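Participant: Below, each chain spelled out in residue letters.
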Amino acid sequence: MAQTINTEVTRTDARRKVTGAAHYAADFTPAGMLHGALATSRIAVGTLTGIDTAKAEAEPGVVAVFTHANLPDYKTVKGIYSGGPGSASFWPMEGTAIKYAGQPIAYVVAETAAAARRGAQLVEASYEEGEAHIAMDPAQSFIVGAEGDGEGMTLTKGDIAAGLAEAAQSVDVEYVTPFQHHNPMEMFAATAEWRGDRLTVWMPSQSVRTLRHGISAAYGLPETAVRVISPFVGGAFGSKAGITPYTMLTIAAAKAVGAPVRLIVTRQQMYTVATFRPESVQRFRLGADASGRLTAFEHVEIAQTSQFDEVVNPGTHMTRSMYASPNIHTEQRLARSDTNSGGFMRAPNEMQTFFGLEQAMDELALKLGMDPVELRRVNDTDRHPVAGVPFSSRSLMECFDAAKASFGWADRNAEPGSMTDGDWLVGYGCATATYPTNISPSAARVRMQATGHAFVELAAHDVGTGSYTIMAQIAAARLGLPVEACDVVMGEAHLPLAPISGGSTTAASAGSAVHLACLAVGAEVARQVSAMSEGPFAGVDPAQITLEDGMLRGPGGKSQPLVEALASTPRGEATAEGQYRHPALTDEALRRTYQGGYGVAGPVTPEMAMFAFGAEFAEVRVHRWTHEIRVPRLHGAFAAGTWLNRKTAHSQLMGGMVWGIGSALLEVTELDHTRARFLNANIAEYLIPVNADVREIRVEMLEEQDDYVNPLGVKGIGELGIVGTAAAIANAIHHATGKRLRRLPMRMSDLV
Amino acid sequence: MDNFAFFRPTSVAEAIDLASGDQKRDFLAGGTTMVDLMKLAVQRPGGLVDITGIKELESYEIGPGRLRFGALARMAVVADDADLREACPALTEALWKAASPQLRNVARLGGNILQRTRCPYFRDTAYTQCNKRDPGSGCAALEGGVTSLHAILGGSEHCVAMYPGDWAQALIAFDAEVRTRGPGGSRTIPFADLHVLPGDSPEVETILEKGEIIISIEVPVVPAMRASHYLKARDRESYAFASASAAVGLELDGETVKDARIALGGVASVPWRAGAAEEVLRGRTFSEALAREAGRAAFADATPLEHSAYKIPLGADVVAGALMTAHARARAGAKGED
Amino acid sequence: MARDPAHPRPGFSRRIFLGSSGAVAAGAGLAGGAQAQAQQDPAVAPEALSKVTFTLNGKRRTLAVEPRTTLVEALRDTLGMTGTKIGCNHGQCGACTVLMDGRRVNSCLILALTTEGAEIVTVEGLADPGGTLHPMQAAFAEKDAFQCGYCTPGQILSAIGCIEEGHAGSAAEIREYMSGNLCRCGAYPNIVAAIEAVRDEQEG
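Residue numbers (the UniProt record's numbering), protein chains in the order written: chain B, 1 to 752; chain A, 1 to 338; chain F, 1 to 204.
To be clear, the hints were calculated from the coordinates, so they are not data collected in a lab.
Treat the hints with care, since some could be wrong.
[To be verified] DSS-like mimics (lysine-lysine), calculated; alpha carbons at most 27 Å apart, straight line:
(1) F/K51 <-> A/K24
(2) A/K24 <-> B/K55
(3) A/K55 <-> F/K51
(4) B/K367 <-> B/K404
[Unchecked claim] A few chain B residues that face chain F, going by a derived Cβ cut-off under 8 Å, partial list only:
(5) P184
(6) T266
(7) M654
(8) I688
(9) V694
Quantities reported herein were computed from a predicted structural model and do not represent experimental measurements.
Beta carbons: idealized from backbone N, C-alpha and C, even for Gly.
Model the full structure from these sequences, guided by the hints.
Facilitator: Written as structure tokens, this is what we have:
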């Protein structure tokens, strides 16, 4: 039996993806389907005083135009950050209020997509315009959850003032990060088909159960009447989790016209009808003694939120988990402005907060005259700095040492501006990466047949992460089958519970459920063969029979391949479900997950702190004449428990690092402050990295054993790769040029 | 997108007839700008005259004394021409550094030089103020907008939209001419006269008349072409518009500059020849300091907008850097001839 | 799904026009005018359907489209061939890349009527009839040159074009000449590796 875990396995869906046979949401076309298009608000704040749909309706091919006046009713739901399944708590087209630019004001249904889009352009609206503020005002910020503060939104340990007073060196610095948009390559799409009181929705989703829950609540339907289908997702990165207005409107329109309707949201509209990464300000005050040991650690994060949700991705929880310090103070603050609600975008707080923290550490190292790697080493800790519990595993310095060696850090002349190559200034920089290990409850059903095939079913998602493949690998390893004999079905809400594909939870959580389901299949087969009159396990107490790597083993050294044992049973087939729950998961988190929400154990449990770690090293080149900033080399070393598939894991980490390059140098959603609109709502001027921006990326995957996190020993890696990249690049820019850039993205205009 | 009447002529004469017959008709070549703007409802022609069937306009010649580019030659084809690369590297560099391979495969040279601005206020019809799109409506960029991508040269109080193209800079630097034919007959337009400054009528971008079709773009060969360079500065390594760019060429006599050509991209309302900067160089001994002086001179008359002040030092450095490369090429060429 | 707006959609007789009055003088008048104009000019009139014939993956196809129909809409909506993806609809991402007369193009910016007589190749036309993958498809699978797979059909066609055009000489050249295809998952180094592998195979 070939090794199927911790090895390189080609994606099981690769063939479908390279032949065009992988069907994404907009590729399903129910019979008689019509096309939808959104008309959106020109202004950001105010009231709709009139809406004229006559021209839109006169457009040939247009079938119907819906506005707040004639939209079929549904019950709106709360946004995710307010405890509901929605992408935001405010629902457009419920009335005349306008709360953000680009808010849907009309929905056009037509016979062709082109006619629907033209119809939407022809909708004429008049407004009474209010004064809008699209950028947050940090001076108006407030502390989240000040009352009770059960979630530790503010925290004080020791005495910051005293810690700073005793410091040999200190830094007091502010870093600014912009609005960013996920921009998955797949445009948002939803197709809705009603058949009587039964509804089918095709939509790219990273949480089919959240979607189903929200739709059921909105229409008062039992969840059994709502089918949500999302077998392939063309990238999500946090943008496809909550139920959005464009989905709800499509469902409503389909109901009203009595035919299936598909909406493909335009790229421009994608900037306003769903979530984004809110802008933020990160303030750090760090003090250290002469040896580099932190004496004070203060982090205040101010993040933007909408007028109708409190979007808090608590970054201070992450930064205060990083380094030992006797004195710690953190505050999690929000400031409101007139946008739709933000949300989570790949490493929702860690990208921003570690851009700040890991530059502050670099600035501190410079003041101390220390090697930045050594500053991390002296502040490394095996216990959580606040909770005091041990880390379940923490290989931070192993990562630093591995990446440092592979990168050639020893060749670095520490003096800023000292390294050049022709017309290029050269700089090296490094930073820490970390990501919490969030463990969600999860379930899976496995049906194994004596032919040597298995069906694995769960409501998880493959958003490009390789979930189809790793679930097949886990099943193959446990059941003793080839990977290709394990058929994985995911992306439908009626399948057994799996978490939101967010927070890097899927492999660890849903993978554990598949693991347990396979063991349960083993137990079922054991029960059957022990009850038989002949065979190696006849009459053996089934509780004494275990399944190990595809072999049933019993007392006295008895063993038999599972598939053989199964073949000996009359049914020749066994089905079992696995229910996984981390011991530290609360009942409340369990309930939340079953209701379509996000419930996890960790990263800090009463016993342990669970985090994955890494170290990233960047070489930056700044051109003498153009001031262009390029990243010819990026090396990362990571430790995240067990690697399931070294091929897809490598791709995830590498992809995260590419995102880091984007955040560092390119990505910003520009604001027109006067009129409160996003200006570069496209993917020509919202710059994401192209092939030419990505040169050498080296990913080292260190071995790490962690028996606490889950039965597989897996930590999530979907987001780890992006964390720290921007800081490593910023530190390298400083090394190359002597200029410290504290605002993302860092561009040539900052260096002229 | 509105629907439109669609015509497919196979001769220039037929195309001119069709396009001049109706005020709302427009020519369609590769369509990479036209179809994009039609989807945005920024352009709404009532009819499109697809001229790509006029095969005679696809050819081009790299002659010893003259370069001639048919209006329908594809960007990608010309960009890959080895003879042109040797004759005038700036002309190939300005092509392959533009857009993407897919767009260059489709876009034609005649359409490329007529590329329209990327001003976000022009492209987003939710903005009611845009003098270019809707004459007299105002300018959202100048009225409190974000101006980081706008022109610091050639703008007016009515419009500061930037000309986004690359190739035009290399053409204007080398005194190209545009041959056209229209209802009123044929004419030859100096490239520098083709585009017009926004002034008080930014909706007018060129002197081309209704139904006037570009036949070819021609460039007289001069020695400075061989030592030419197109330097394009952009945050993204590829598939991005210029933050600042320069098309330059040098002819040296020893180390003395005999001829200098400088044009600027990413900074001006129209393709922009930097005559004053050329004057700084002519007759003087080339040095890095002189290149920098020329760079500064190129932007002496620039008017920074609220968010585009960075383009002045950036543009000056880009000019200087481009001249350094052109100088190195001139030296290498001189050595090669010895 | 393009059709003559003068004729109601089959099986959908109920037209709903809520929110304002009037509206639908549409159909007949406009289409009639368009037909009249079409007789005068060698042209396709607005709102009229026109036939276009091209070769798609080796087979001649004739379809009726509106003037505004783009090639990608004709492929996906009219012909139901959904392998070609739309990522931006404005020529900014390359997801819709197909080969047209051997050149890679963004099918979202190509008007279907301008493809008369053209040879179009989409991702569905790459594997041989027996199901054997095109070498570029196989290399993409092997090198993990994608994650979500959405940009992949366009990447693969662009990669084939990149080699055909002679722009796969080095990793640096491949990176530059594959920059018209955005991959948000960040699989770029693996895409380059796949192209190098196919190039080497072809040269070998």
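Participant: Work down the list of hints and note, for each, if the structure agrees.
Facilitator: These are the hints, each one checked on the structure:
{"no.": "1", "hint": "F/K51 <-> A/K24", "verdict": "holds, 24 Å"}
{"no.": "2", "hint": "A/K24 <-> B/K55", "verdict": "holds, 20 Å"}
{"no.": "3", "hint": "A/K55 <-> F/K51", "verdict": "holds, 22 Å"}
{"no.": "4", "hint": "B/K367 <-> B/K404", "verdict": "holds, 21 Å"}
{"no.": "5", "hint": "P184", "verdict": "holds, 6 Å"}
{"no.": "6", "hint": "T266", "verdict": "holds, 7 Å"}
{"no.": "7", "hint": "M654", "verdict": "holds, 6 Å"}
{"no.": "8", "hint": "I688", "verdict": "holds, 6 Å"}
{"no.": "9", "hint": "V694", "verdict": "holds, 4 Å"}
Hint compliance for this structure: every hint is met.
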